[in-house]
Every structure is written in C-alpha cells, then in structure tokens.
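Colleague: Turn these sequences into a full structure, and let the hints guide you.
Take the working numbering: the final residue in the sequence shown is number 263, and no numbers are missing along the way.
Hints listed in this document are in silico derivations from the structure and should not be mistaken for laboratory results.
Be careful, since some hints might not be right.
Stated by the list, open to error - Restricting the straight-line Cα-Cα distance to at most 25 Å, the calculated cross-link-like pairs of lysine to any residue (SDA-like) are: (1) K172 to I183; (2) K212 to S195; (3) K212 to P152; (4) K90 to P152; (5) K90 to T139; (6) K191 to T153; (7) K90 to D129; (8) K172 to E138; (9) K212 to L91; (10) K227 to L176; (11) K212 to T93; (12) K227 to W186; (13) K172 to K191; (14) K90 to S195; (15) K213 to I183; (16) K212 to L178; (17) K172 to K227.
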Amino acid sequence: MHQIKLTTQFAAPLERCFEMARHLFAYQQAATCIGGAAGHSAADRNLFSAEGETWWHTLPPIGFSKPTLIWTLTEYDAPNALVFQTKAFSLALQYQQIFEWIDVRKTEVSEIFSLQKTPLCTQNTWKKQIEAFLRERQLALKQAVESDQWEKILQQSPDYEPFFKTAFEENRQEEEEE
Numbered sequence: 086m087h088q089i090k091l092t093t094q095f096a097a098p099l100e101r102c103f104e105m106a107r108h109l110f111a112y113q114q115a116a117t118c119i120g121g122a123a124g125h126s127a128a129d130r131n132l133f134s135a136e137g138e139t140w141w142h143t144l145p146p147i148g149f150s151k152p153t154l155i156w157t158l159t160e161y162d163a164p165n166a167l168v169f170q171t172k173a174f175s176l177a178l179q180y181q182q183i184f185e186w187i188d189v190r191k192t193e194v195s196e197i198f199s200l201q202k203t204p205l206c207t208q209n210t211w212k213k214q215i216e217a218f219l220r221e222r223q224l225a226l227k228q229a230v231e232s233d234q235w236e237k238i239l240q241q242s243p244d245y246e247p248f249f250k251t252a253f254e255e256n257r258q259e260e261e262e263e
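Modeller: The structure is reproduced here in structure tokens:
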C-alpha cells in the first residue's frame, strides 16, 4: 500500500475547518487547478452530510483517457474525520481527512490518500496528481477558513444546515429573536 499524507495547520477553529471541508468548494478549486473537475452526485447539493453520499472527480488525461473517479463517503465522524473510498480501473483508493484541535483558534488537518492497488506503470503519474490535488485543496481550504470567505460560501449553499453553530448562525438567531 502506498500513502500520501499532507498535514497543514489552519488559524481557524476546528468546527469551521470541518464545515468547509465537507463543502465541495475546496474539492472543485483543487480539481480545476490540476486540470480536472469535481461535483456532488446530486446536482443540487454542495455539502456532504451522510455516509453513502458520493462525489465525482475527473483527473487530467492519463495516456489516452481522462479518468473519472466516483468517491463514496464511508465514514462521517463530525468533527473529527471524513473518509471516502473509490475503485477505478485496477485501483482501490481511500481518502481520509483527519481534524485535530490544537487550541481555540488553531486546527491541524491531515489528508491521507492510500493507494491500495496500483499498477506500477501509473503509480508515479497518480502520485504526482494526488499530491498536486491535496496541495491545491489545502490551499483553497486555508484561504477560505482564515478569511471571511467561508461564511459567504456556506451562506450561498442551498443545502447548508450547520452542523455546528457558527458566530454567523448565532448572530442570525439573536436578530430573529429580537
């Protein structure tokens, strides 16, 4: 088994990092940066909230094909982990996102890709694309959670129901009560 791991610290609370990680925004940004695309299998959804939900991810061309991976959410452990799995060609991949609280304003996010069956001829190509995807995804996530961009992204998502009360949600609730 081959593993690729990227760990980044975010200057943001754990809950905010988790909420944004379950949104398609960072997946789409990363896929676009490496020449692919990403989306939720249900066209009207932007967030993952239950095991069994799927998303798709096209990769840049490898040889003559442009592979599309269908990822299934196999573990939803809020706010600690999201785990996705896919099988494509002769590959079995697992993608884990682990969230660790450091302090009130700091979170560590580890993303781990495990390539369980990899033909040697494509191993280096896949590894480079996965590393690029993880770097771009973490960069997009970092920029969103460390600015006010995260609130705008979540507010614009029609399927957003906060798993955690954010300052935005608490303020909105106080205004409605007045």
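Colleague: Tell me the hint numbers this structure goes against, listed in increasing order.
Modeller: Of the numbered hints, 6, 7, 10, 13, 17 do not hold.
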